[in-house]
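There are 2 protein chains.
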Amino acid sequence: FFSGGGGGGGKTLLDYFSLVILCHKLQESMLSSASSFRNYRGVLNWCVVMLVLSNARLFLENLLRYGILVDPIQVVSLFLKDPYSWPAACLVIVSNVFIFVALYTERKLAMGSISEKVGLLIYIFNLTVILCFPMVVVLKLPSITPVGGAFTLGVYTILFLKLYSYKDVNRWCRVRTQVKARSLSRSLSCPSSPSASSCMQSHVSYPGNLSLRDMYYFVFAPTLCYELNFPRSESIRMGFLLRRLFEMWMVPIIRSSMKPLQVCSCVPNHLIWLIFFYCFFHSSMNFVAELLRFGDREFYRDWWNSETITYFWQNWNIPVHKWCLRHFYKPLLRRGAGKLLSQSAVFFASAFFHEYLVSVPLRMFRLWAFMGMMAQLPLAWFVAKFLRGNYGNAAVWLSLIIGQPIAVLMYVHDYYVTHCQDDPTITEAL
Amino acid sequence: FFSGGGGGGGKTLLDYFSLVILCHKLQESMLSSASSFRNYRGVLNWCVVMLVLSNARLFLENLLRYGILVDPIQVVSLFLKDPYSWPAACLVIVSNVFIFVALYTERKLAMGSISEKVGLLIYIFNLTVILCFPMVVVLKLPSITPVGGAFTLGVYTILFLKLYSYKDVNRWCRVRTQVKARSLSRSLSCPSSPSASSCMQSHVSYPGNLSLRDMYYFVFAPTLCYELNFPRSESIRMGFLLRRLFEMWMVPIIRSSMKPLQVCSCVPNHLIWLIFFYCFFHSSMNFVAELLRFGDREFYRDWWNSETITYFWQNWNIPVHKWCLRHFYKPLLRRGAGKLLSQSAVFFASAFFHEYLVSVPLRMFRLWAFMGMMAQLPLAWFVAKFLRGNYGNAAVWLSLIIGQPIAVLMYVHDYYVTHCQDDPTITEAL
Numbered sequence: 061f062f063s064g065g066g067g068g069g070g071k072t073l074l075d076y077f078s079l080v081i082l083c084h085k086l087q088e089s090m091l092s093s094a095s096s097f098r099n100y101r102g103v104l105n106w107c108v109v110m111l112v113l114s115n116a117r118l119f120l121e122n123l124l125r126y127g128i129l130v131d132p133i134q135v136v137s138l139f140l141k142d143p144y145s146w147p148a149a150c151l152v153i154v155s156n157v158f159i160f161v162a163l164y165t166e167r168k169l170a171m172g173s174i175s176e177k178v179g180l181l182i183y184i185f186n187l188t189v190i191l192c193f194p195m196v197v198v199l200k201l202p203s204i205t206p207v208g209g210a211f212t213l214g215v216y217t218i219l220f221l222k223l224y225s226y227k228d229v230n231r232w233c234r235v236r237t238q239v240k241a242r243s244l245s246r247s248l249s250c251p252s253s254p255s256a257s258s259c260m261q262s263h264v265s266y267p268g269n270l271s272l273r274d275m276y277y278f279v280f281a282p283t284l285c286y287e288l289n290f291p292r293s294e295s296i297r298m299g300f301l302l303r304r305l306f307e308m309w310m311v312p313i314i315r316s317s318m319k320p321l322q323v324c325s326c327v328p329n330h331l332i333w334l335i336f337f338y339c340f341f342h343s344s345m346n347f348v349a350e351l352l353r354f355g356d357r358e359f360y361r362d363w364w365n366s367e368t369i370t371y372f373w374q375n376w377n378i379p380v381h382k383w384c385l386r387h388f389y390k391p392l393l394r395r396g397a398g399k400l401l402s403q404s405a406v407f408f409a410s411a412f413f414h415e416y417l418v419s420v421p422l423r424m425f426r427l428w429a430f431m432g433m434m435a436q437l438p439l440a441w442f443v444a445k446f447l448r449g450n451y452g453n454a455a456v457w458l459s460l461i462i463g464q465p466i467a468v469l470m471y472v473h474d475y476y477v478t479h480c481q482d483d484p485t486i487t488e489a490l
Numbered sequence: 061f062f063s064g065g066g067g068g069g070g071k072t073l074l075d076y077f078s079l080v081i082l083c084h085k086l087q088e089s090m091l092s093s094a095s096s097f098r099n100y101r102g103v104l105n106w107c108v109v110m111l112v113l114s115n116a117r118l119f120l121e122n123l124l125r126y127g128i129l130v131d132p133i134q135v136v137s138l139f140l141k142d143p144y145s146w147p148a149a150c151l152v153i154v155s156n157v158f159i160f161v162a163l164y165t166e167r168k169l170a171m172g173s174i175s176e177k178v179g180l181l182i183y184i185f186n187l188t189v190i191l192c193f194p195m196v197v198v199l200k201l202p203s204i205t206p207v208g209g210a211f212t213l214g215v216y217t218i219l220f221l222k223l224y225s226y227k228d229v230n231r232w233c234r235v236r237t238q239v240k241a242r243s244l245s246r247s248l249s250c251p252s253s254p255s256a257s258s259c260m261q262s263h264v265s266y267p268g269n270l271s272l273r274d275m276y277y278f279v280f281a282p283t284l285c286y287e288l289n290f291p292r293s294e295s296i297r298m299g300f301l302l303r304r305l306f307e308m309w310m311v312p313i314i315r316s317s318m319k320p321l322q323v324c325s326c327v328p329n330h331l332i333w334l335i336f337f338y339c340f341f342h343s344s345m346n347f348v349a350e351l352l353r354f355g356d357r358e359f360y361r362d363w364w365n366s367e368t369i370t371y372f373w374q375n376w377n378i379p380v381h382k383w384c385l386r387h388f389y390k391p392l393l394r395r396g397a398g399k400l401l402s403q404s405a406v407f408f409a410s411a412f413f414h415e416y417l418v419s420v421p422l423r424m425f426r427l428w429a430f431m432g433m434m435a436q437l438p439l440a441w442f443v444a445k446f447l448r449g450n451y452g453n454a455a456v457w458l459s460l461i462i463g464q465p466i467a468v469l470m471y472v473h474d475y476y477v478t479h480c481q482d483d484p485t486i487t488e489a490l
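Protein sequence lines correspond, in order, to chains A and B. Quick note, my numbering runs 60 ahead of the 1-based positions in the first sequence. Quick note, my numbering runs 60 ahead of the 1-based positions in the second sequence.
Misleading hints may appear alongside valid ones.
Just so you know, same-sequence chains aren't split out, so a pair can sit in one copy or run between any two.
[Claimed, not checked] Lysine-lysine pairs mimicking DSBU-like chemistry, simulated, CA-CA at most 30 Å apart:
hint, residue 1, residue 2
1, K445, K200
2, K200, K399
3, K390, K200
4, K382, K85
5, K177, K390
6, K85, K399
7, K168, K382
8, K200, K177
9, K445, K177
10, K382, K200
11, K177, K85
12, K85, K445
13, K445, K390
14, K240, K85
15, K85, K390
In short, the hints are calculated from the structure, not lab data. For clarity, every value in this text was computed on a predicted model and none was experimentally measured.
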């Protein structure tokens, strides 16, 4: 082996040895912060495996005791106190009225039967009623449970944001048509195709979108921002649909297996929040999107890597973030408001809705949620000022793990104090 | 705001509305396996925060009870039964003899005083003694504890691999010099600079490396593969050094706070293994490398993402993997052995060393470690055959979480049965 020198053999042997003699190079360890390596998908799988394993015994016990199916009576009892009156369901059905009002107004505006000002007045009235009507009903009707109330208010809040977006986009379309018509009458150089999306087959342009079908597609689509031509996926993938359905079905079982853990500890609360996040923002929204062939699946971004509090708030809930940016922050900027003022306005609106969604269903105005949001401000400043990289990320996680349960516990404490302490629906709601 | 049409203003307004009206695009959710997003560095930080938080109370209790310092007597008692005889330390000191023998042999070989054959014979004798001598001492000397024995055998095994590499590389250098001299005498075209690394200032070429200083640098360097000119970092970063030192100091405290958790459960065992991995392969090795200005910090690759068992074994311990590839697998291939035969040979050698490092210190020949290694074969086949992507990754994690503690518990069980059951050093060793 080593005696085969001379000529080409010697040359390749020389190359081989030159290659094999050198085997180290200057590089950092992957876990070092100096390394640019960031692929930790496996760690996520580890978390899932550990979560399943550490709850495996409880999980199996629950499965054997209660069976595979989620108890439907238990689920219904979350929403109803008195099974013969369905206030939450009735409220959700009533919400269709507001959808019809918005669509009817838009049609009149498109035809030019009413002026922009009248349209705006109708919208202001409609949107105000959307926010106030369910609030009054939830506060006055004692048969609505906190969970039922929160669900109804959630539905109405989503509808409010959707219809606001619907109004804005349709107005923009009208303004654009006017501007285009004016510049067309001047130069006649602009062709009729509006943008790159014109190559699509079933492309809808402005007044053509004011149909009941288009409206209800938007109402059910997992987004808050209206668009005339949503990107659509090719087909419904059955495998994908079933996987998401399986995940959604798993969640109540995992949650129920965590029930024996004490409520006071932060860790289970945080885990339930994480599971809720996955179930709502990944499983459910992807499930609905797949059913509707809705193409844009960006419901969250990589908030788990956030190194500042701001980054977390901008990336954990993309539908709301997108809505705020498109219909609140950018219009404010265009109207000449300063950056800081616009940011504060968005922040206060967000704090208001947080309080609205928590206080009204619980019928307690304690401002804990509002103050929780306010506490984010000094925290965000502190983290951005003093902590960088992984330390900043750890601080964000810590604020999530400790901060959220504290806010929740504040309400729980007050609810227990003001209401009877052995109401089974409360412990259920946690 | 909306009345500012006409001319350039109309154009920008048109652009603005065209831009703002479109706000969705076709994309997958980040957590979907279809998405190419893989940055989960934040999840790793989450794991660390959760680990610290869930052990915070125990950790604080331990801190208050035992103080910040690690009890030195406790550490020493791991290595010594009788504090007046230090067999493990003596064995480690004796190991210098073998280093001198290797260096002396290489010098003689470089001078040509002894032939290659004699040199090889001396090496075979030297390397055999390195493996057998500590084994005999550990088996015969009752004053060596299992931990002391494992430590000594570990040191000797590392020395064995290092000196084997030293022998190979020096022989390759001699062959290369011979081949080069021969081709130089034929063509005289090859200049004296050997490779790209010649531009370095303190570049060492073959016989110049046979110094005591070079030898001991290699012995202490965190690598098993010898190289004449290791890549060196510019300077010792004190901050980096202190951070690694802090991590190494944290480990015994975290481990001791886990002691109250039951031994039988897989999860704490697995966590201890993970902490050991981080402490040894990241903190300690980087600490030593930083002290020696050793540039190549690739002590592990991204085994946490491994989707097959094979990928895990190839990436969790890079120094050993690199040695096996360079000094065992590739030479076997060059000598004409088939791929499968070479792979099996590497695998059996690895299984032998695993058994050697566990059985001898415990003075029990049960072949559990060997069988554990063998069990990897059908498992690897199964995972590679039936599981892909995240499912494969979860299977690898599961085999780590469940497999390792089972192998450990086998030995623990047998050790308890054969030895006295209330020996404090055993529970300590877990």
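Cross-check of the supplied hints:
1. K445 / K200: Cα proximity of K445 and K200: none, with 46 Å in one copy and 62 Å across.
2. K200 / K399: neither (40 Å within a copy, 78 Å between copies)
3. K390 / K200: neither (37 Å within a copy, 80 Å between copies)
4. K382 / K85: between (45 Å within a copy, 13 Å between copies)
5. K177 / K390: Answer is within: at 22 Å inside a copy they meet the 30 Å cutoff, but 82 Å across does not.
6. K85 / K399: between (48 Å within a copy, 27 Å between copies)
7. K168 / K382: within (28 Å within a copy, 75 Å between copies)
8. K200 / K177: Neither. Shortest intra-copy (34 Å) and inter-copy (99 Å) distances fail the 30 Å Cα cut-off.
9. K445 / K177: neither (46 Å within a copy, 67 Å between copies)
10. K382 / K200: Intra 34 Å, inter 73 Å, cutoff 30 Å: neither.
11. K177 / K85: So K177 and K85 fail the 30 Å test inside a copy (71 Å) and across (33 Å) alike.
12. K85 / K445: So K85 and K445 fail the 30 Å test inside a copy (36 Å) and across (35 Å) alike.
13. K445 / K390: Answer is within: at 27 Å inside a copy they meet the 30 Å cutoff, but 53 Å across does not.
14. K240 / K85: between (62 Å within a copy, 25 Å between copies)
15. K85 / K390: Classified as between: cross-chain Cα gap 19 Å, same-chain 50 Å, threshold 30 Å.
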